[in-house]
Amino acid sequence: MSEHASSSHLNAPGGHGPRPVDGPHASDAARAKLAATWSDPPGFIGALSAINHKTIARRFIVTTFVFFVLGGLLALVMRTQLARPELRLIGPNLYNELFTTHGTTMMFLFAVPVMQAVAAYLVPLMVGARSIAFPRMNAYAYWIFLFGGLLLFASLAVNSAPAAGWFSYVPLSGPDYSPGKGSDIWAQMITFTELSGLLEAIVLITTIFKMRAPGMSLNRMPLFVWATLVTQFMVIFAMPSVMLCSTALILDRLVGTHFYNPAKGGDVLLWQHLFWFFGHPEVYLIFIPPLGFISSIIPTFARRPVFGYPAMVLALIATAFLAFGLWVHHMFATNLPELGKSFFTAASLMIAIPSAIQIFCWIGTLWTGRLNLRTPLLFVLAFFFILVMGGMTGIMVASVPLDLQVHDTYFVVAHLHYVLLGGAVFPLFGAFFYWFPKFAGRMLSERLGRWQFWLFFVGFNVTFFPMHLLGLHGMPRRVWTYPRGLGWENMNFAATIGAWTIALSVLLFIINVVVTLWRGEAAPADPWGAGTLEWSVASPPPPHNFDAIPVVHGRDPMWEPSAQPRFVSGLAADAREVLVTSVLDAKPDHRSWFPSPSIWPFISAVATTVLFIASIYTPWAVVWGSVPVAVAMIGWFWPKRSSNAFAVAREQRP
Amino acid sequence: MSTTGDLPKVQARPDEADASELLLDVRALPTFAFGHRSMMWWSTAGLMLIEGTVFGIAVMMYFYLRTHAPAWPMAAAAPELRWGTLNTLVLLLSMLPNQLAKRAAERCERGPARLWMTVCLLATVVFLVLRGLEFATLNVSWYTNAYGSVVWLLLGLHTTHLITDAIDTGVLTVMLFTGPFESKRFVDVSENALYWYFVVLSWLPLYGVIYWAPRF
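From first to last, the protein sequence lines are chains A and B. Under my numbering, the letters of the first sequence match residues 904 to 1557, in that order. Under my numbering, the letters of the second sequence match residues 465 to 680, in that order.
One or more of the hints may lead you astray.
To be verified - Okay, derived cross-link-like pairs now, SDA-like style, lysine to any residue, Cα gap no bigger than 20 Å in a straight line:
1. Lys1167/A with Tyr1072/A
2. Lys1490/A with Arg477/B
3. Lys1543/A with Thr642/B
4. Lys648/B with Trp1541/A
5. Lys648/B with Tyr1072/A
Derived from the structure by calculation, the hints contain no laboratory data.
Using the sequences and the hints given, assemble the complete structure.
Structure follows, in structure tokens:
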């Protein structure tokens, strides 16, 4: 909480003579001091203590990407098994574990967290801040996420992975039908990832509300920051639902409660309500941040400010609201009242309105701009095509009679992959190409990028388009094999070829990244000629992000004539001092000292992991496991003597 | 806009190194602030939103199960009113020392803050003991039926908050007495008090659901 000073300066609390401060014309010594102050410590312990938001976010992005590749490899095994009828490469049990782990990984360990991870890197740079809010909590959230993901894959490695599907319906996942530890591990993995996600939400909301550079009022925030803000509020309202329902599941399994046991007054549909009250907004947790990516990429490559900024912001907010009124459309095959289902059909169709507003604004921007057709823009254009396809099938499955026909078939598999890959993964790759120079200081190869793009685009459609037809022909999802003579052979074979093509394209991306890091072309600060603040600093940014905090006078500061004052000055260079501003108008309010790197978040995360995992084996772990967690967190909070002396010497009351 | 009324004024001044350049000099700004101006307030608010959502959804679970039950409470007597009601009174009363601790902190008065935080800490002991008695008089076990499960879930969730709030308050009170002390701790005391309000006020609907809903 209060270890703010850089270690080298702790010996002189208060100091004598002028203390080093920042500013646009600060001396080189002051700049070097700033960099030293905000750096992470060296060494192995230093790596575990790191809290710089760029360090943590880089690890976070790489970790989620590793999970993406692992989840993709699982899919590849499944597709290979389904290439021909009656193949016996893997058996039904392993197949169940594979599709459960694939879905769980992609939804909980990749798609939602990768968006928060990218935001944790970019948001402080976009709003002109030296750090993310609560940097130690940010580090803790990362470690918790990592350990939760490792738990899931460790369970797969020892062949006791969950096998009840990524939405883990009861009674299948309940104590009677899923003996073994698989479903408990699934439920605890939810606890890990949702805890991490909720903490990230608090971190990002506070960063966006309180740490924007002076002058960046809410109506000047970049649209990606808006998208992140809206998404984090959705996280806060959606994730508690899944935490609660998975806790109730694990209680049913471990201590004999009866939430989902009809014999004792419980109800299995309660699970579906609670899960989808989270699960449908989750689609938008995955989909809204990419809308922000697109709204960053399109103006840059159309070389003009985005068309219809207020409409875009309102559309984001409307999408978020509507997303909470759709969950029952996942439950059309249950015995709910028909009138209720009609309401949810109407609500599902309404989501088309804000989506269309955004698409029209982007088309307006592209139409009136001067296009610069680089790889990031290719991925965005593919988004239009694929998402519209997914939206069309979405309208189909939002209608009750059609949904009953295709429920639990490959039609739904096709639909959800069109929406999720088209809506999230294509823009995400575009975002990687767009911001990679900022992350790594080097330009990804454009040639390899185009190869990757076309392989991905073609491979994607070859994989998933035939699945629409397979579903209409009656092929159920989650079957480990199928008999000959149903007319499914050729389409399945095509889908498998497509899956291998996607794998090849992802391999090309990995090669591109590795080669670029090894000997890529160095990136200037602003390689694309973009308008937002992250491009005003070097690539990669220095530890303290900004030598002087900018003062913002418009929505695209890099494209607008500069106005006075251009910069803030007077923040300490020898302490982790940040400027806190007001929520609406971003007027300077006070200075705040941020904590220094610390091993405690890591230790707290380890203690929390012990608590969560041990509680799968004995409920008493919740009691004795809380003690180390409490001790570690008090250690985390307790100030060091030196930093306390520093604060006492320099503090200034309001 | 409305939040800017009480903000300190920051004047732009010319840069010494280059007189044509104006700077927004922030070195005279305070190093902490209370209420929604402080970052801690926003993290506490976020926590309250999350936990309020958890409570809200848990209450919906209760009534969802109730609509599917032929009789409520299922095969059990309603919880005894005695301890739950007494605890509700204690929790409501504890808002007084809590408010006094908050006020002292916001005036940066360490002595009174210390005093009222100690009173709050004593209150946590009382309501944790009473909470134990509440569990003992629920008249149902979590493994009896779904009604028992959801009642234990509601009371258990709220008890977790009582325990964490007691630990937070304890750590802060120790710090107020022993140090290391810096003025930023006053912000922590103020935010702790805000969270206390949440824990008390969120109990009122839970009290109604656990103790009174099965009687109607």
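The hints, checked one at a time:
1. Lys1167/A with Tyr1072/A: holds, 18 Å
2. Lys1490/A with Arg477/B: Measuring from Cα to Cα gives roughly 16 Å; hence the hint holds.
3. Lys1543/A with Thr642/B: holds, 14 Å
4. Lys648/B with Trp1541/A: holds, 13 Å
5. Lys648/B with Tyr1072/A: Roughly 48 Å separates the two Cα atoms, so the pair is violated.
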